[in-house]
Amino acid sequence: MAIEIKNASFRYPNGFVALENINLTIHEGEKVAIVGQNGAGKTTCVKMMNGLNRPFEGDVIIDGVNTKDVTVATTARKVGYVFQNPDEQIFNNTARAEIEFMPRYYKLDEKEVKERVDYAVKICDIEKYMDINPYEIPYPIRKFVAIAAVIASRPKYIVLDEPTAGQDLHGTRTLANMVDQLTKDGITVITITHDMEFAVQNFDRVIAMAHKNIIKDGTAQDIFWDDQILADARIKKPAMGELAKQLGMDGRILFCDELVGRL
Amino acid sequence: MAFIELKDVSYKYPYTKDYALQHVTCSFEKGKFYGIIGENGGGKTTLCNVIRGLIPHFYLGKLEGDVLVEGKDIRDWDTADLCSKIGFVFQNPFTQISGIKPTVFEEVAIGLENLGVPKQEMLERVTNVCEQLDIGHLIKNNPNELSGGQRQRVAFASIIAMDTETLVIDEPTSQLDPEGTESVFNIINTLKHSNKTIILVEHKIDLIAEFCDEVLVMENGTVVCSGLTKEILSQRSLMDHNAAIPEVAKFGHAMADAGKPLAEIPVTMEEALKLVKERSAR
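Taken in sequence, the protein lines are chains A and B.
Heads up: the first sequence begins at 1 in the working numbering, then just goes up one per residue.
Heads up: the second sequence begins at 1001 in the working numbering, then just goes up one per residue.
Treat the hints as calculated values from the structure; they're not laboratory data.
Some chain B residues near chain A, calculated using beta-carbon distances under 7 Å:
id, residue
1, 1251
2, 1255
3, 1272
4, 1273
Small disclaimer: the values here were computed from a predicted structure and weren't measured.
Glycine included, every Cβ here is placed at the ideal spot set by N, Cα and C.
With the rest of the complex left out, here is chain A:
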C-alpha cells in the first residue's frame, strides 16, 4: 500500500507549470517531511496526493487506484490534507461540529463518531475549545481544530501543511507527539515544513524540493549534510549539524546527544 506519483506534471489553469515530471513513492508507515523554499511546488505536490490537483501528465496512484479514475471525495477519504491556513478549511459554527462533520457525513453510528472525535481531540489537545466558534479560537489553536477534523475522518495518510508555523513550545510538542501517535496507530504522516528542527527531530525521510521538482529524497542525514542540496532548496542545516560542521567534525551529526557524545 502506497502513494505513487509517476512522471507527473502539473499546470495551473492560467498556464503556470508548478511541477515537472515528479516521481515519488511513499509507503504506508513512513514519516515524511517535504522541505524547500516558497514556490518550490510543495503544496501543489501534496494536493496531487489527495486528488485536489490532478496531473496533466503522468499518474498519481493511491493504494493501487489512479486518482484520475475516481472522485476527489474518494481520494480524500484515503489521503487527508490539512490546509496551511485553517481558514480555508473550517466552515462549521463550533469546533465540535467541525470535527464531527466527516464522521457524520460517513453516516457512522454515534459510538463510532464519539470515539473518533475523542481520539482526534485528545491528540490535538483542544478539549477546552470544543464549544467555541472556531473563529474565536486563537489562530495557532484553530490550526489544531483543522487537524482534528481531518484526523476524525480517519484517513490512511495525513498531510500536514506547515503545522508548526506560529506555534509556541506547547504547540510544537503537541505536534511532535501527534506524529508519533498517528504513526503508531497506522496513519502515515507527511508534512510540509519550513521548520528544519521539526523535520529532523520527527521524520525519518526528508524530501527536498526546488524548481518544480524533487532534488533529493533520503534520510535527514542525506539531505542536511548535502550542502549543494541545501543551497538549491534554500534551506539551512539544523543547529546541531551546523555546529558540528563548523567544528570540522565528521559523521554527519544532526542531534544534540550525538554531538555531546563526540565532544
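On the provided structure of chain A, position chain B as indicated by the hints.
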C-alpha cells in the same frame, strides 16, 4: 528616561471574564531592540496593543495601571500623534492591508498620504522602501492578489515608509520561508542601526537570540522574566513557562549534564562555536 513605561498594568477585553494582562510592569528605552516571547494566548499581542494605544483608544474594556509614552499617559495621547511616533505591523497582513488601494505602491503610500507628506518625498520614500523589502517588482500589482509572504512584506513596507521612531512588530515572519524570514530580520536589524526602538513578538527563538538586546517572556498575562537576551535565553527553566530556548542553549545544558560543561551557556551559534573551541583547547 524610558520611552515607554508600563506600571502595574492590567487589562480585560470587553465581554471577557479573564484579564489578558495582569500587573505588568516593564519599560522600553529608545534605540533598543526588544523581543517578546512566550506562549500563545499569553498576552504578547495585548501588550503590543497597549503600547500602540489601540488599548484603550480602539478596544474598550478595562485598563488599569499607568501606560506612559514619553512620560505622557496613553489615555491623553491623540491617536494620530501616537501613530507618527509608533508604527505597528500586525500579525496578520490581511488585517492590516487596507483593501481600498488598487496597487501595492498606493498601499505602501497610504500612511504617508494620511500624514500629508509632500508628493516628491512620498514617491521617494515609497520607492526606496519597496526596493529595500524586495517588492519593487510588485508595485503595480493588486495587494489582494499576492501570496501570504508577499502581503506580509507589503504590510511591513507601509509601516517602514512612515519612518516612526518606534516600531511594534507582531510576528512578521509567520508566513515566510527561512530565507524570507532572514531577510525580514535583516531589515529589522538595519532599522535598529538607524537608532529605532523595536519591539518584536516572535516565536523563532534563534533569531531573537541573534538580534535582540533584551527579551521579555510572557505567560498567562504576566511578564515572567525580562532582561538581557543572553541572561534570559540561557535559562532552561524558560521551557517550564512554555517558552522555547535556542538549540545551542539546550546543547550547552546537555554538555553540563554530561559532565562536560562549557564555560557558560551559549545562545547563538557563534558563541557555541567559541565556547566549544575554548573547552577543547583547555
